[in-house]
Amino acid sequence: MGWETWFIVTLSRTLAYGTPLLLATLGEIYTERSGVLNLGVEGMMIMGAYAAFSTAYTTGSPWLGIVAGALVGGAFSLIHAFASITLKANQVISGLSLTMLGLGLSGVLGRGWEGRPLPASIPEITAPGLSKIPFLGPILFEGQNLIVYFSILLVVVMWYILYRTRIGIAVRAVGENPAAADSLGISVNKVRYLCTIVGGILAGMAGGYLSVAYRPAWTEGMTGGMGWIVIALTIFAFWNPAIGMLGAYLFAALYHLSFRLQPWVSPELLKAMPYAFAIIVLIAISRGTLHKKMGAPAALTLPYSRGEE
Amino acid sequence: MKKPSLFRVERRPVVPGHVVVLVSILAIFAALVAAGIFFEAYGISAIRAYQLIAKGALGSKLGLAETVRRAIPLLLCGVGLTIAFRALFWNIGAEGQLLLGAVAAAGVALFSGLPDVLLLPAMFIAGFLAGALWGLIPAVLKARLGINDVITTLMMNYIAIYLVEWLIHGPWRGPSMRGFAYTDKFPSAAILPTISWTRIHWPTLLLGLVVAVLAYVLIARTRAGFEIRVVGENPEAARFAGISAFKTTLLVMIISGGLAGLAGVGEVAGIHRMLLGPTRISMGYGYTAIIVAWLARRNPLAVIVTSLLFGIIMSGGDVIRVSLGLPFQVINLFNGLILFFLIGSELLMHYRISFSFRRQ
Amino acid sequence: MKRFPGVVASDGVNLGVRQGEIHCLLGENGAGKTTLMRILYGFYQPDSGEILLSGKPVKISSPSVALAHRIGMIHQHFRLASTLSVEENVILGVDEGMGPFLRLGKTRKRIAAITEEYGLSVDPKAKVWQLSVGQQQRVEIIKALYREADILIMDEPTSVLTPQEVDQLFTTLRILVDDGLTIIFITHKLDEVMQVSDRVTVLRQGKLVATLPTSQTDKPSLARLMVGREVVFRLEKNPPQQGEKLLEVDRLHTLSDRGLPALRDVSFEVYGGEILSVAGVSGNGQTELAEVLTGLRKATSGRILLGGKDITNRSAREITDDGVAHVPAERIKMGTVSNMSVRENLILKDYRHPPFCRGIFLNYKKAEANAQRAMAEYQIAAPSDSSAAKLLSGGNIQRMVLARELSGKPRLIVAVHPTYGLDVGATEQVRQVLLRQRERGAAILLISEDLEEVMELSDRILVMFSGRVMGILDAEEAETGEIGLMMAGGRREGVRR
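Chains as they are written, first to last, in my numbering: chain A, 1 to 309; chain B, 1 to 360; chain C, 1 to 497.
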């Protein structure tokens, strides 16, 4: 295999594997920007994956599956929203329970679905003409699916909303100083609920991508800790969708590269690599001065009640 | 303009102990009801499921013994977590720390060549140290670089899992195991005694009970415990009082990780008698212990009770897994629900409803 | 003058405000001023009573309703999102008929018009955290004007400003009122009432005491109304008994949390038996000074000598053991552990010394005896010594902090805003305690933004601006005007010692 082919394959797989990471990271960025830490990403993803697979299997439509994944992820995030926003419960613990609940529920519900073949998965498409562009063509326009492009479009849209619209200003203000937003008539709870739901929808969609597009199958616990990597990526991204995209692809590339080391390193150790990467990445960014200026939203994990300062 | 009402909801600044117990029991009950509704919806009779759980976990000598056996690692991990949580260190990594303890114990048992008398003590010491080391890494990263403890402890779990996988598939695979991914069986001197026909490895149980008492004394009666509480309650005040958050964080994670490591030693030396697949060494003890510690309100003595409670759920879960054909993830369903109702009820505890015609 | 906009009746308080006036709401901390205003702004709901706007009853159920009625509020602690830009803060929550989209061009024009008309210059693209406190306040005013507020409620707006900035603010307020705005100005400072208001309402313990035209009253009678008794304006203070030089600070430099220079070339000395006050507008290095002296922040250069011993960059613990007490500005956030008992809070620093510990164990019997003694001596009102500190009132928390900090008979006491937010009784007690320590021979460094307090208590006054010492004055000869100029950056020549 020549170097060029090697790069093309690597980058093309990076795009494919980075997509679920990207989708869920975008969601978590919005959630955290509004001041809510949702550690339940893993649980929402696995629920999304289960819902997408079972729906796609039953209806025969993988697209309906993705929609179902998104809806179930969004609905699932409501539990966390209710606990942490309305009941003002500890967000760390609430997020953990969401993950446990997701793994438990999907495990029980998905019992009969393992090993079944999906009649149709999200098709890979090749854009005629565009795929002929040297180097970039085969990476971007060959064998990718529509969700990959959708997620890239989403980066642009979500970046624009966050930094260039009234909605984004409100979201950032709520995460930074909820009292300020409240005193200007913005409903802190409403913004936080919506952002948490957006996070759930995207995590569910990411899970759906895994079970009906990336590797169309359902296995118990198939997200395998990806949700935690998303949490790490959100920090890596400094809560910025554009950097989030960079992070998701960087991570996916490292992940993919670790498989290329198979001939030399044992597969078990290679499987541990993404998690080690995540820690190393967090160490790397913790050192810069950048981290101080672009720190976490000031009100992250803090419930808001009017009149308490 | 509020109308005067018959009852008023008041916030109470301090929640009395009996309210905590009562509300916690109600929360668990509510979670079980919610799980029951789920079972019904899923086509399983909830009453039958709970009957099976009660009978399986409490109704027979064997069931009781299994409950206690499950409670041992939960007790050790849970006590450690109460201490970490006291210092507001989110140790979600007891699972990995437990596995490292198991690895160290297996290493000593199989390869150290120590005389028989020293073997078990050496395994416990090695297990404690390995768990502590695994806990120290996130501790240093948080205390020195401010890196989020939840994420690092979690990542360390996955790394521990694959480390065990690698050992049993690779360098430590037992030649006598005919190609299975296990290490060899431990020599008999490296195996913990159990209570007659049960799987209760009593030395670990005893250790757990002693540790619970010691941890309580540590928190409530010592200088170090005072420092741990100040750091957890108000890090700024700790800084102000000259208490080193760095040393305190390291200390709690040595204890927390070390105790989880001991739990791992108990599992391999008392139950499995070899190192095997990570999901078989620990069925999520490290995660369940989080709920154990939280339900105990971070009180090490209360962990004795709460670990037993989750022992029931785990051994009961085993029973319905077999008889109703459910996956082992069903335990996570219980865990998640209980945890949710628990934190949900916390707000409730802080309010008192009083009936009166008074107006403010 | 038209009879007008608002009548608030709440908890027996009947407040009438006329259009186009500056109406001061005067009262001590805790007199209910802020609560009353929060009701008006929709943060709290009244249990009974009603609010009339221009004679019509209105129900203000939330801040957005208040905004719709063109009521704007400027809180004591600014409500600004610090990582957002000025213009983002200004348009936050304003509906400009474009749905979610911004019309930044138009927004900027409007902001420019407002800033020009009222002389509120500030860069609209700057991030809020980059602005000075005075500029941040201007952003708050611009925010209210951008929403076309008719009524502006200002809660203690001068507490963070220099005397010059205060004058500037008052000028702005006059222009606003001349334009037809109504301003409700909450304060506890008598001078400001006399200087700025048309009418004044005095509140005491949640009840309205009187509403008077400012021209028909004077400071002493307002003070009497406010406190309910004759106020002693002067504390009994013995002449200084200057002892040995206890603290010597030599060319000290340090950085702020953001890594910017916070102290530049700071040098001064404090002697036993004297109170040296540090006056200045908040954010000019006072907090950092207290932290460097008590070991909570590293000096980048310079030396600190305590009784001749170099304690520069020693740990907080070593410095405490050397006899330095610290009464922190954040008495709750830093000085106490809210969920721990009064008993434990009282040994927060001494827990590792006998008699409070035996080896690795704590001695709770001794801690309890200590708590009983301290509670009696400092009149700390608490249900018991085992109740959580969070159950105590602000004044009692400060008494508890003082009891702890002064228990070891410290040589040097660094007290930061020790009476901020306390009621008259507690304030007086805290001041008396500091004076007693002075009599005892302790060196006291008092950091305060309350000029009145500074003038009353100190023997010498050090004025800081932008991390530098602008001069050190003898308290007997110092005048408020001069201190004000120095607080704004005017250096006084020849007085440095």
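In case anyone wonders, no lab produced these hints; they're calculated from the structure. A hint or two may mislead.
Stated by the list, open to error - Footprint (simulated), chain A over chain C, 3 or more residues, beta carbon under 8 Å:
1. 100 to 109
2. 276 to 285
As the list claims (entries may be wrong) - Simulated restraints, written as ranges between beta carbons of each label pair:
3. A/189 <-> B/47: 35 to 43 Å
4. A/115 <-> C/333: 41 to 49 Å
5. B/247 <-> C/383: 30 to 38 Å
6. B/59 <-> A/260: 33 to 41 Å
7. B/214 <-> C/379: 36 to 44 Å
8. C/94 <-> B/12: 54 to 62 Å
9. B/55 <-> C/47: 54 to 62 Å
10. A/189 <-> B/196: 33 to 41 Å
Every residue, glycine too, gets a C-beta built ideally from N, C-alpha and C.
Note to self: Range first: 33 to 41 Å. Now tell me if the beta carbons of residue 189 of chain A and residue 196 of chain B are that far apart.
What the structure shows: violated (58 Å)
Next item on the list: Count residues of the stretch 276 to 285 of chain C with a Cβ under 8 Å from any Cβ of chain A, then say if the count reaches three.
Entry: violated (count 0)
Note to self: Looking only at beta-carbon atoms, does the pair residue 115 of chain A, residue 333 of chain C fall within the given range of 41 to 49 Å?
What the structure shows: Because 57 Å falls outside the window, the suggested range is violated.
Checklist line | Hint check for residue 12 of chain B and residue 94 of chain C - Cβ pair distance inside 54 to 62 Å | finding: Given a distance of about 40 Å, which is not inside 54 to 62 Å, the answer is violated.
Note to self: Just to be sure I understand the hint, the distance between the Cβ atoms of residue 59 of chain B and residue 260 of chain A should be within 33 to 41 Å; is that true here?
What the structure shows: violated (55 Å)
Note to self: Looking only at beta-carbon atoms, does the pair residue 214 of chain B, residue 379 of chain C fall within the given range of 36 to 44 Å?
What the structure shows: Cβ of residue 214 of chain B to Cβ of residue 379 of chain C: about 40 Å, so the range 36 to 44 Å holds.
Notebook entry, point to check: Falls inside 54 to 62 Å, the C-beta gap from residue 55 of chain B to residue 47 of chain C?
Noted result: Holds: the Cβ-Cβ distance is about 56 Å, inside 54 to 62 Å.
Item checked: C-beta pair residue 247 of chain B, residue 383 of chain C: status relative to the range 30 to 38 Å that was hinted -> Distance hint for residue 247 of chain B, residue 383 of chain C holds at roughly 34 Å.
Item checked: Annotated coverage of the stretch 100 to 109 of chain C by chain A, confirmed only when three residues or more have a Cβ within 8 Å -> holds (count 3)
Next item on the list: State, for the Cβ atoms of residue 189 of chain A and residue 47 of chain B, whether the hinted interval 35 to 43 Å holds or is violated.
Entry: Roughly 39 Å apart at Cβ, these two residues keep to the hinted range, so it holds.
Hints 2, 4, 6, 8 and 10 from the earlier list are contradicted by this structure; the remaining hints agree with it.
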